[in-house]
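Based on the sequences and whatever the hints tell you, model everything.
Heads up: the sequence shown begins at 7 in the working numbering, then just goes up one per residue.
Calculated directly from the structure, the hints in this document are not laboratory data. We treat Cβ as the ideally placed atom computed from N, Cα and C, and that holds for glycine. Among the hints, a few may not be true.
Unchecked claim - Estimated spans, in silico, between C-beta atoms of each pair:
hint, residue 1, residue 2, range
1, T41, A72, 18 to 26 Å
2, K189, E16, 27 to 35 Å
3, I242, R80, 21 to 29 Å
4, R188, K276, 39 to 47 Å
5, D376, I242, 54 to 62 Å
6, S112, H394, 20 to 28 Å
7, E395, T272, 17 to 25 Å
8, R389, P47, 51 to 59 Å
9, I242, G113, 19 to 27 Å
10, E144, R80, 16 to 24 Å
11, L161, D397, 48 to 56 Å
12, K17, N155, 23 to 31 Å
13, G93, K189, 48 to 56 Å
14, E403, D164, 53 to 61 Å
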Amino acid sequence: MKLKCGLIGEKLGHSFSPQIHKKLADYDYDLFEMTECEVGPFLEKGDFHAINVTIPYKKTVMPYLAEISDEAKRIGAVNTITHLPGGGLKGDNTDYYGFSYTVKKSGIDMRGKKVLILGSGGASMTARTVAADLGASEVVIISRSGENNYDNLHLHTDCGVLINTTPVGMYPNTGVSPVDLRKFPNLSGVLDMIYNPAKTQLLLDAESLGVPFSNGLPMLVAQAKAASEHFTGNAIEDSIIDRITEEIRRDTMNIILVGMPGVGKTTIGKYIASALGREFVDTDDVITERAGRSIPEIFAAEGEVAFRRLESEVVADITKKSGLVIATGGGAPTIEANVNPIRQNSVVFFLKRDISSLAKDGRPISQSRDLTELYAERLPKYRAASDHEIDCGDNVERNCAKILELLGL
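Next up, the structure:
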């Protein structure tokens with residue numbers, strides 16, 4: 007009989023844990039969303055072999071445990087629960103291992119630096135313990151109330167490393183950051199325990215400022231590896247962490263195609279989606295469906311400003327999802343408000359081809375502007391929004407092969 011394992015938490019729709027545990031060992035791993043008052047009865051019933059715990063219940067579970075490991079006691083939080091041979095439950099903390107692994111992998115050095123931690127829950131306790139063990143000169147925890155809070159962040163703008171342990175910016179409520187990084191001029195590293203999206207607004211801001219950063223995916227995989235060892239009693243090689251991290255990243259990142267109208271984004275996108283077994287989304291099609299009329303009709307009735315407003319809404323909704331192939335409208339990446347949503351969870355390809363070969367039918371702006379002039383205007387914006395540039399010819403299969411090669415597929 008397979009072990010019955012899983013994860014308990016308040017909101018788990020964003021979780022990659024089932025995919026990770028499936029790669030680690032052969033046991034069932036389910037998600038159990040519940041309210042705080044349901045946690046105790048769930049644990050007391052004990053209808054599982056082993057369970058993981060995520061926010062906000064890493065402290066909530068502790069009174070229901072017969073035994074707590076020294077590591078979990080030191081941190082003050084539990085994320086892994088197993089049954090004791092003689093009855094009762096034991097709590098462990100594999101987040102320490104996971105976060106330590108992430109910090110070392112990121113290359114961010116905490117030695118002798120002031121570390122600012124956003125959030126005061128169980129994940130925060132892990133970050134605090136790891137930071138102290140890695141030689142931080144001072145660790146400050148920011149909570150919504152108390153001595154150090156979001157109203158007196160000005161007292162801590164000298165911090166060298168900032169760690170987010172809150173859910174601010176997590177899917178589906180993306181595009182927001184808990185702090186303004188521009189107010190922290192001494193930063194040498196930003197760590198966000200969120201892994202969906204791949205780049206929260208906090209990490210996008212760090213990237214724009216040239217500050218080294220890491221999301222929480224390496225931590226998630228590393229702690230899952232350690233938890234799996236508790237579940238099964240079998241040791242797992244550390245080398246599996248990087249392999250699974252890359253596989254999950256590759257499987258969950260969107261593939262976004264940008265470029266001039268008529269360059270072939272839709273044709274190439276459909277081909278790639280079919281080859282990879284992914285869902286294809288054309289943002290122009292979604293706009294047409296929501297508006298109940300064609301794009302030329304939207305332009306004629308309401309003008310470009312109204313169209314761009316609807317386009318930005320669609321881009322924000324679609325790009326926060328995972329594992330899609332997305333073709334954007336030609337102007338979407340040229341709008342500043344769309345760039346971060348496009349980049350938050352995606353590998354972005356800028357498709358290029360000879361201007362004279364671009365189709366104009368059904369494209370209001372292409373019909374009203376000189377394409378050479380329009381392309382020159384948009385080119386730097388396409389490049390700023392993308393990770394790779396692809397010179398496209400007429401052979402769709404060859405164009406797609408270039409993209410798949412860059413993706414390592």
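Hint-by-hint comparison with the structure:
1. At roughly 24 Å, the beta carbons of T41 and A72 sit within the given window of 18 to 26 Å.
2. Distance hint check for K189 and E16: the Cβ-Cβ separation is about 30 Å, which falls inside the suggested range of 27 to 35 Å.
3. For the hinted restraint 21 to 29 Å between I242 and R80, the CB-CB distance of approximately 24 Å keeps it satisfied.
4. As the Cβ distance of R188 to K276 is approximately 41 Å, the hint placing it in 39 to 47 Å holds.
5. Checking the proposed 54 to 62 Å range against D376 and I242 shows it holds: the Cβ atoms sit about 60 Å from each other.
6. Checked against the hint of 20 to 28 Å, the C-beta distance between S112 and H394 comes to roughly 23 Å, which is consistent with it.
7. At roughly 19 Å, the beta carbons of E395 and T272 sit within the given window of 17 to 25 Å.
8. In this structure the supplied range 51 to 59 Å holds for R389 paired with P47, their Cβ-Cβ distance being about 55 Å.
9. At about 24 Å, the CB distance of I242 to G113 agrees with the hint of 19 to 27 Å.
10. The hinted range of 16 to 24 Å is satisfied by E144 and R80, whose Cβ atoms lie roughly 19 Å apart.
11. Under the hint 48 to 56 Å, the C-beta atoms of L161 and D397, about 52 Å apart, fit the expected range.
12. Between K17 and N155 the beta carbon distance is about 24 Å. The supplied range of 23 to 31 Å therefore holds.
13. For the pair G93 and K189, the beta carbons lie near 52 Å from each other, so the given range of 48 to 56 Å is met.
14. The hinted range of 53 to 61 Å is satisfied by E403 and D164, whose Cβ atoms lie roughly 55 Å apart.
Violation of the numbered hints given earlier is absent; every hint is satisfied by the structure.
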